[in-house]
Amino acid sequence: MANVPTALLGLLEPQPSHGYELKREYDTLFGQDRPLPFGQVYSTLGRLERDGQVVVEGAEPGAGPERKRYAITDAGVRRLEEWLREPEPPHPHLQTVLFVKVMLALLSGRSAAAFLDVQRAAHLQRMRELTAIRKAGPLSRIVLADYELFHLEADLRWIDLTAARLDQLAEEYGR
Amino acid sequence: MSTPILRAAKVTRSFGPTPALRGADLRVDAGEVLAVMGPSGSGKSTLLHCLAGILRPDSGEVWFADQRLDRLSERDRTRLRRREFGFVFQFGQLVPELPAAANVALPLLLAGERRRDAYRSAAGLLDRLGLAGLAARRPGELSGGQAQRVAVARALVARPRVIFADEPTGSLDSLSGEAVLDLLVDAAREQGTTVVVVTHEARVAAYADREVVVRDGVVTSLAATS
Ligand SMILES: Nc1ncnc2c1ncn2[C@@H]1O[C@H](COP(=O)(O)OP(=O)(O)O)[C@@H](O)[C@H]1O
Ligand SMILES: [Mg+2]
Chain A
7 MANVPTALLG LLEPQPSHGY ELKREYDTLF GQDRPLPFGQ VYSTLGRLER DGQVVVEGAE
67 PGAGPERKRY AITDAGVRRL EEWLREPEPP HPHLQTVLFV KVMLALLSGR SAAAFLDVQR
127 AAHLQRMREL TAIRKAGPLS RIVLADYELF HLEADLRWID LTAARLDQLA EEYGR
Chain B
669 MSTPILRAAK VTRSFGPTPA LRGADLRVDA GEVLAVMGPS GSGKSTLLHC LAGILRPDSG
729 EVWFADQRLD RLSERDRTRL RRREFGFVFQ FGQLVPELPA AANVALPLLL AGERRRDAYR
789 SAAGLLDRLG LAGLAARRPG ELSGGQAQRV AVARALVARP RVIFADEPTG SLDSLSGEAV
849 LDLLVDAARE QGTTVVVVTH EARVAAYADR EVVVRDGVVT SLAATS
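Heads up: the protein sequence lines correspond to chains A and B, in order.
Residues 7 to 181 (this note's numbering) make up the first sequence, in order.
Residues 669 to 894 (this note's numbering) make up the second sequence, in order.
Since the hints were made in silico from the structure, they are not lab data.
As the structure is a prediction and not an experimental result, all values here were calculated from the model.
Don't be surprised by glycine CBs; every beta carbon is placed ideally from N, CA and C.
Check the hints yourself; a few may be wrong.
Far from chain B, by Cβ distances over 10 Å, these chain A residues were calculated [as the list claims (entries may be wrong)]:
| # | residue |
| --- | --- |
| 1 | D33 |
| 2 | P41 |
| 3 | L42 |
| 4 | G45 |
| 5 | V47 |
| 6 | S49 |
| 7 | E63 |
| 8 | G115 |
| 9 | H129 |
| 10 | T137 |
| 11 | T168 |
| 12 | A170 |
| 13 | G180 |
Take a look, some chain A residues computed to stay more than 12 Å from chain B by CB distance [said to hold, decoys possible]:
| # | residue |
| --- | --- |
| 14 | E27 |
| 15 | D39 |
| 16 | R53 |
| 17 | L104 |
| 18 | Q131 |
| 19 | A176 |
Below, a sample of chain A positions facing chain B; criterion: calculated Cβ distance under 8 Å [claimed, not checked]:
| # | residue |
| --- | --- |
| 20 | L28 |
| 21 | L130 |
| 22 | M133 |
| 23 | R134 |
| 24 | E159 |
| 25 | L162 |
| 26 | D166 |
Please build the complete structure, drawing on both the sequences and the hints.
Laid out in structure tokens, this is it:
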């Protein structure tokens, strides 16, 4: 999944953690049918370390990756924050990314409602563009635009339902 | 900033113990097509009724251009509504005994126009909207979509400054709903009429220039993003 690096940052933010703990948390929340391979966890952490977004805390010199404890840095927090604030470019089949952002916003004590609002606005803006396209185009364009419109509408229904559940979700997963 | 054509400021309104609006703020610019979205029971219809002078708020202000609507008497508000506003509701609410043409002429007759002129305007509008073939039919002889398009014609006939539409496609299938919205929005833009359309459907809201969301009796506008 494209959001593995930011997801790991989100899981690391509350407290430093080892790779295997991160994997377990990730799989419980986001990896139901596709657990994260250990190899990907460590390669991702390695890249985040290289980019200064995580640091290794208190590992014995020469210890293998499974002994390292990772902590998020200020640069990591900034990257996470930007990602959580930014609406995803609206296109059909976004569900997983939107879900991950909502969960990570809740887990990190940020506003999932604010994220859902900017995402709703982005979706509606795209739907307006498609509605304008429908007015002019040949029937084939209209039918294609309809396909996208119906899928974005489905996303919006999910956004609305999730917004209505935020209090409940925050109680269970928030901090 | 120019004077908005409609404005609500800190509007509250309850029905018995149920608060429907708890401090709703809204500005609508002239010529704008605005969608009012939000979950069922959030206060959308109550807001529309307050803006249109159908309901009087418990507190707060409602302005139409430079007139304070909530201060007008019932009679003055009715007069203003007939002159300046058009309405489309979820179930057309056409008069069942009257043919479509007479239904469309009704707002003009109520405004005191002569019968012949009112019918001529109605026929002309039905024609322009591609509904001439329906003029002689009574509502019972129209499909839901056709009835709703006649209701749009009725809302437009007196060239109102604002059209208020409450879930205008709520009882229609998608294709008939599109036809109603195309008709309403195109005609309104052509005449420079402001439209406030209440809907819980994003596809309907996508016809508007802008949307606001009502939640628990308060208006939230979605910040436009990059
Ligand atoms: N005439 C009425 N009598 C009693 N309660 C009402 C009346 N109209 C609306 N309400 C209540 O006020 C709240 C807002 O209703 P409404 O404005 O119709 O919401 P929406 O149009 O968003 O579905 C709801 O709780 C509704 O039950
Ligand atoms: Mg309503």
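Should the interface hint for A:M133 be scored as holding, given a Cβ-Cβ cut-off of 8 Å against chain B?
Cβ of A:M133 sits 4 Å from chain B, so the hint holds.
Under 8 Å is the threshold here; is the Cβ of A:D166 close enough to any Cβ of chain B for the hint to stand?
At about 7 Å, which falls below the 8 Å cut-off, the nearest Cβ of chain B leaves the hint on A:D166 intact, so it holds.
Taking the minimum C-beta separation from A:L42 to chain B, is that value above 10 Å?
Nearest chain B Cβ is 31 Å from A:L42, so the label holds.
Distal placement of A:A170 relative to chain B, Cβ over 10 Å:
About 7 Å separates A:A170 from the closest Cβ of chain B, which leaves it inside 10 Å; violated.
Regarding the assertion that A:L104 does not contact chain B, is the least Cβ-Cβ distance greater than 12 Å?
With a cut-off of 12 Å, A:L104 remains clear of chain B, as the shortest Cβ separation is near 15 Å.
Least C-beta distance between A:D39 and chain B, which was stated to exceed 12 Å:
29 Å, holds
Can we trust that A:G45 is non-interface, i.e. its beta-carbon lies farther than 10 Å from all of chain B?
Given a closest Cβ separation of 36 Å, the condition holds.
Check on A:E63 being off the interface with chain B, judged by Cβ distance over 10 Å
With a cut-off of 10 Å, A:E63 remains clear of chain B, as the shortest Cβ separation is near 37 Å.
Beyond 10 Å on every Cβ pair: is that true for A:G115 relative to chain B?
22 Å, holds
Any Cβ of chain B at or closer than 10 Å to A:D33, or is the non-interface label fine?
32 Å, holds
Interface hint for A:L162, Cβ within 8 Å of any Cβ on chain B
Holds. Min distance 5 Å.
Is it the case that A:T137 keeps its Cβ farther than 10 Å from each residue Cβ in chain B?
4 Å, violated
Figure legend: structure checked against the earlier numbered hints; hints not met, in rising order: 9, 10, 12, 18, 20.
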